[in-house]
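As a plain string of letters, each chain reads:
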Amino acid sequence: MKPVDLHASLKMSLTVGLLAAAFSVQGQSTYSWMSPDVGKAWDSGYKGQGATITVVDDFSGDSPFSGNLGTGGQLQGHGDWTALQASMIAPEAMVVQRNWGSEAVALTQGRLNVLNMSYGMYARSGYGVNRISWSGQEQSIINYAKTGAAVIAKAAGNDAVAVGRANRSGNVDYLNLALKGAPSAIYVGALSSNGSTTAKASLASYSNYAGSDSAIQKNFLVVGVKGDTTGLYGTSFAAPIISGYAAVIGSKFTAATPTQIANQLLTTARTDTLRNYRASVYGRGEASLTRALAPVSIR
Amino acid sequence: MRYLTVFLLCFFFPPLGGFASVRAFDFLEATHLVDLRQGSSLSARVSGLQKYSYESAYGLTLPVGRWYATHWVDVQVSFLTQINRDLGVIWGVSTGEKGEKYAIAPSFKLGLLYGIRSWGKGRLTIKAYHVFSGALREKTCSADYGEIAGVREVNCRLAASPMAPEETLRFNFNEKPEDRNFISIEYRKEF
Numbered sequence: 006m007k008p009v010d011l012h013a014s015l016k017m018s019l020t021v022g023l024l025a026a027a028f029s030v031q032g033q034s035t036y037s038w039m040s041p042d043v044g045k046a047w048d049s050g051y052k053g054q055g056a057t058i059t060v061v062d063d064f065s066g067d068s069p070f071s072g073n074l075g076t077g078g079q080l081q082g083h084g085d086w087t088a089l090q091a092s093m094i095a096p097e098a099m100v101v102q103r104n105w106g107s108e109a110v111a112l113t114q115g116r117l118n119v120l121n122m123s124y125g126m127y128a129r130s131g132y133g134v135n136r137i138s139w140s141g142q143e144q145s146i147i148n149y150a151k152t153g154a155a156v157i158a159k160a161a162g163n164d165a166v167a168v169g170r171a172n173r174s175g176n177v178d179y180l181n182l183a184l185k186g187a188p189s190a191i192y193v194g195a196l197s198s199n200g201s202t203t204a205k206a207s208l209a210s211y212s213n214y215a216g217s218d219s220a221i222q223k224n225f226l227v228v229g230v231k232g233d234t235t236g237l238y239g240t241s242f243a244a245p246i247i248s249g250y251a252a253v254i255g256s257k258f259t260a261a262t263p264t265q266i267a268n269q270l271l272t273t274a275r276t277d278t279l280r281n282y283r284a285s286v287y288g289r290g291e292a293s294l295t296r297a298l299a300p301v302s303i304r
Numbered sequence: 204m205r206y207l208t209v210f211l212l213c214f215f216f217p218p219l220g221g222f223a224s225v226r227a228f229d230f231l232e233a234t235h236l237v238d239l240r241q242g243s244s245l246s247a248r249v250s251g252l253q254k255y256s257y258e259s260a261y262g263l264t265l266p267v268g269r270w271y272a273t274h275w276v277d278v279q280v281s282f283l284t285q286i287n288r289d290l291g292v293i294w295g296v297s298t299g300e301k302g303e304k305y306a307i308a309p310s311f312k313l314g315l316l317y318g319i320r321s322w323g324k325g326r327l328t329i330k331a332y333h334v335f336s337g338a339l340r341e342k343t344c345s346a347d348y349g350e351i352a353g354v355r356e357v358n359c360r361l362a363a364s365p366m367a368p369e370e371t372l373r374f375n376f377n378e379k380p381e382d383r384n385f386i387s388i389e390y391r392k393e394f
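Protein sequences, first through last, are from chains A and B.
Note that the working numbering has the first sequence beginning at 6, numbered continuously upward.
Note that the working numbering has the second sequence beginning at 204, numbered continuously upward.
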C-alpha cells in the first residue's frame, strides 16, 4: 500500500473563527475570558514556572486578524494569538514559538514540556492513519504523545463533528486520529462560556465533540472560549488554555510526568458545570484547574 | 493549665505552717487582679479558619476548618503583686488551647512595674514583662494526591493551592504571642 504524501494531500487548517467583540477587563490579575480557577493559581504566585510550552503554529504573520485578550486590541497572526493566550494563563512558563515546518520539534531538557497544537492536518476521508507519511514535525509530536514525553494539547477542530469523523467537505483531521490512544494527548473542545453549577455551559456550536469512540472520549476535555469577550472563536483558543493549565499543574507537582499531568486534568474534569453532560459530547468534561491541584483526600 | 494549678495552690492552701501562712497572707494582701480575658490575637487567628473548606480533586467538600475548632479558648489572667510603694511584680498565666491541627501552649508572664515620683506632681511609670511559652503551632496534614504525587505532608489549609506540597509547609503557623516582650513608659502629671 502506497503511503499518502503529506505535502501533497494534507492541508494544514487553523482551527479558528473570527468575530469582533467588545472586551472588558475584570480585574488586575486575570482577565474575563479566563476561568476563575486561574486567579486562584495566580494569587499564590504559581504561574507555570519550570514548564516550557512550545506553540507549534503559523508565526509567519501572513494572515493577521484582530482580537483582544485584555492587553488591548491587536492585529496579529494565529500563532501570535495562541502563544499569547498560553503565556497569559501561565505567565512564568517559557513559551517557545515554533513556526510550522518539517523538522522535528525539540523538547527542552529538564523541564516539563507542553506542546500546543491549535491546528489540524486534513485529507480526504478513507485512509488508514498508518498510511500517512508524516513530516518530521508531526511525527515527532505524535511520538511525544505516544511515549508520554510531553503533554500535547490538540484543538479538537471546528467542524461540529465527532473527532476523527469527516467534515462536510469529506475531509478528516488525521492528526486527531494519529493521537488517538496516546497517553499524554488531550483533545480540547470549546464551550461557549466557562461553566458553573449555577450557569451551566454548552458546547460551542462550531466545536468538534468527542463522539462515540471511548478512546477519544477518555482524552477529550472542554474549556470556555469567550469569543464574545475576546473576538477570538474556535478550538484554537481552547487548546492554549489546557496548555497553560498543564504548565501550572507542573509547577505544583514538579516530579510529575507529562502523562500524569494529562491524566490529572482528565480525571478531575467537571461534569456538573455542563448542560446535559454526555461523554459523547463533552468527553471527560470541563477542565478544572482548582480540582486538578487539589488532593483526593486529606487527614 | 499547670501554671494555673500552681497559682491556685498558693491561694487556697496558705495555712501550712506559721511562716508559710504569714507569707501567704502578705502575698494575698499585696496581690491584685489586673486583667482577665478569654481569647488572644493567636486564638482569633485560628478561630477565623473554622469554616474554611475546599474541594477535593473529585469535588467532595473537605471541611478542613473543623480541625481549627476548639472546646476551650485560651484564658489569660494577670496579677500585680506590690513589693513596696514604687515597685510591683507583674505575673500571670494562660491556659492555652488546642484543636486537632494546632495548639497554643500555656504561658507564664513575668515582669515589673516601677513608679518614680518626679518633678512636681508628675509620676513616671515603667512597665515591662516577658511572656514565656504561649506559641501557636500548627500540625501538618497528610494529603493524598493520587497518581500524580501520592501521599504528601502538607499544610492542611494550603493543600489545594497551586503551591508545591512541600512549599506549603513554610506557611504552617509557628508564632509566638504578639506581646511576649512588652515595655511601656508612662509619664502622668496632674494639673
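Note that these hints are calculated values from the structure, not bench results.
Here the structure is a predicted model, which means the values were calculated and not measured.
Just so you know, even glycine gets a beta-carbon here, dropped at the ideal spot from N, CA and C.
There could be a bad hint or two in this list.
Simulated restraints on C-beta separations [stated by the list, open to error]:
#1 A/77 <-> B/255: 49 to 57 Å
#2 A/78 <-> B/258: 34 to 42 Å
#3 B/263 <-> A/220: 37 to 45 Å
#4 B/377 <-> A/114: 35 to 43 Å
#5 A/116 <-> B/239: 55 to 63 Å
#6 A/80 <-> B/251: 46 to 54 Å
#7 B/377 <-> A/96: 26 to 34 Å
#8 B/301 <-> A/77: 50 to 58 Å
#9 B/264 <-> A/219: 25 to 33 Å
#10 B/384 <-> A/102: 53 to 61 Å
#11 A/71 <-> B/244: 22 to 30 Å
#12 A/96 <-> B/258: 39 to 47 Å
Some residues of chain A that are not near chain B, with every Cβ distance over 12 Å (derived) [unchecked claim]:
#13 75
#14 106
#15 152
#16 276
Listed next, the stretches of chain B that the computed footprint assigns to chain A, with coverage defined by at least 3 CB atoms under 8 Å from CB atoms of chain A [to be verified]:
#17 289–301
#18 377–388
Quick rundown of the hints versus the structure:
Distance hint for residue 77 of chain A and residue 255 of chain B: a CB-CB separation of about 38 Å, inconsistent with the stated range 49 to 57 Å. Hint check: residue 78 of chain A to residue 258 of chain B, Cβ distance near 36 Å, so the stated range 34 to 42 Å holds. A beta carbon spacing of about 29 Å between residue 263 of chain B and residue 220 of chain A contradicts the range 37 to 45 Å that was offered as a hint. For residue 377 of chain B paired with residue 114 of chain A, a C-beta distance near 38 Å keeps the hint of 35 to 43 Å intact.
Taking 55 to 63 Å as the suggested C-beta distance range, the pair residue 116 of chain A and residue 239 of chain B conforms, at roughly 59 Å. Look at residue 80 of chain A against residue 251 of chain B: about 49 Å separates their beta carbons, and that is inside 46 to 54 Å. At about 31 Å, the beta-carbon gap between residue 377 of chain B and residue 96 of chain A stays in the expected band of 26 to 34 Å. The beta-carbon spacing between residue 301 of chain B and residue 77 of chain A, approximately 54 Å, falls within the hinted interval of 50 to 58 Å.
The hinted range of 25 to 33 Å is satisfied by residue 264 of chain B and residue 219 of chain A, whose Cβ atoms lie roughly 30 Å apart. Range check, residue 384 of chain B to residue 102 of chain A: Cβ separation about 56 Å, and the 53 to 61 Å hint holds. The hinted range of 22 to 30 Å is not satisfied by residue 71 of chain A and residue 244 of chain B, whose Cβ atoms lie roughly 54 Å apart. The beta-carbon spacing between residue 96 of chain A and residue 258 of chain B, approximately 25 Å, falls outside the hinted interval of 39 to 47 Å.
At the 12 Å boundary, the C-beta of residue 75 of chain A stays outside the reach of chain B, the nearest C-beta of that chain being 21 Å off. At the 12 Å boundary, the C-beta of residue 106 of chain A stays outside the reach of chain B, the nearest C-beta of that chain being 33 Å off. Non-interface status of residue 152 of chain A relative to chain B is upheld: no Cβ of that chain comes within 12 Å, the nearest being about 18 Å off. With a minimum CB-CB distance of about 9 Å to chain B, residue 276 of chain A fails to clear the 12 Å threshold, and the non-interface call is violated.
Check result for the stretch 289–301 of chain B against chain A: violated, 0 residues qualifying (beta carbon to beta carbon below 8 Å, three or more required). Only residues whose C-beta sits within less than 8 Å of a C-beta in chain A count toward coverage, and the stretch 377–388 of chain B has 0 of them, not enough to reach three; the restraint is violated.
When each numbered hint is compared with the structure, violations occur for hints 1, 3, 11, 12, 16, 17 and 18.
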